[in-house]
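I would like the entire structure built from these sequences, with the hints used as guidance.
So the sequence shown is numbered by our numbering: it starts at 34 and just counts up by one.
Hints listed in this document are in silico derivations from the structure and should not be mistaken for laboratory results.
Only a predicted model underlies this, so the values are computations on that prediction, with no experimental measurement involved.
There could be a bad hint or two in this list.
Claimed, not checked - Cut-off 20 Å, straight-line C-alpha distance, at most; resulting in silico cross-link-like pairs (SDA-like, lysine to any residue):
(1) 55 with 150
(2) 55 with 101
(3) 55 with 88
(4) 110 with 175
(5) 55 with 119
What the hints assert, rightly or not - Per label pair, the in silico range of CB-to-CB distance:
(6) 120 with 177: 28 to 34 Å
(7) 64 with 101: 21 to 27 Å
(8) 57 with 172: 20 to 26 Å
(9) 113 with 176: 46 to 52 Å
(10) 64 with 43: 25 to 31 Å
(11) 146 with 113: 21 to 27 Å
Just so you know, even glycine gets a beta-carbon here, dropped at the ideal spot from N, CA and C.
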Amino acid sequence: MPDMAAEGGMSLVVKTVTRWLKGLIFLFGMYIMIYGHLTPGGGFAGGVICASAFILITLAYGAPEAYRHLPRGAAEKLDSFGALTFLIIALLGLWFAGVFFRNFIGTSPESHFRLTSAGVIVPCNLAIGLKVLSSLFLVFVMLSALHIIVSGEGRRRIERRRHTP
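And the structure:
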């Protein structure tokens, strides 16, 4: 059986299924983020689903392909942007309504059960989703790198250093 790590991923079947599903998984995650105030879901659940699309790419194709879709630097910037956006939305509530995290986007009785019926919840869900997506992807990448170091040649080097004075 060929070494999958040397080839840069898994079998052709897994790569093909991943190629078909990665966009749909990401789109479903965005749907969960945007409509989280009307259906079960929200920013955290949508962010986890979106991150799973990038994790699936990493598992199927290898880290270089995942970095082509979402570079580590871009994930770090998205992480910071999500947190900053969430904080700005909270401070805008203080600025416009006088209370921290107050809903400052007006709603009307006619807007119930529509996308615009939630005020600041939709932007907050998107900010949380970005934060969770990028954080979970970065945690997976770091744990994968640690696994490679500990399980491959790195483990042998660590063992040699332990036994040599």
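Going down the list of hints, with the structure as the test:
1. 55 with 150: violated, 30 Å
2. 55 with 101: With Cα atoms ~14 Å apart, residue 55 and residue 101 stay inside 20 Å; holds.
3. 55 with 88: Holds. Residue 55 to residue 88 sits at ~10 Å (cutoff 20 Å).
4. 110 with 175: holds, 16 Å
5. 55 with 119: violated, 27 Å
6. 120 with 177: 28 to 34 Å: Cβ of residue 120 to Cβ of residue 177: about 30 Å, so the range 28 to 34 Å holds.
7. 64 with 101: 21 to 27 Å: Distance hint for residue 64, residue 101 holds at roughly 25 Å.
8. 57 with 172: 20 to 26 Å: Once the Cβ atoms are compared, 23 Å apart, the range 20 to 26 Å for residue 172 and residue 57 holds.
9. 113 with 176: 46 to 52 Å: The hinted range 46 to 52 Å is violated for residue 113 and residue 176, with Cβ atoms some 21 Å apart.
10. 64 with 43: 25 to 31 Å: holds, 27 Å
11. 146 with 113: 21 to 27 Å: violated, 34 Å
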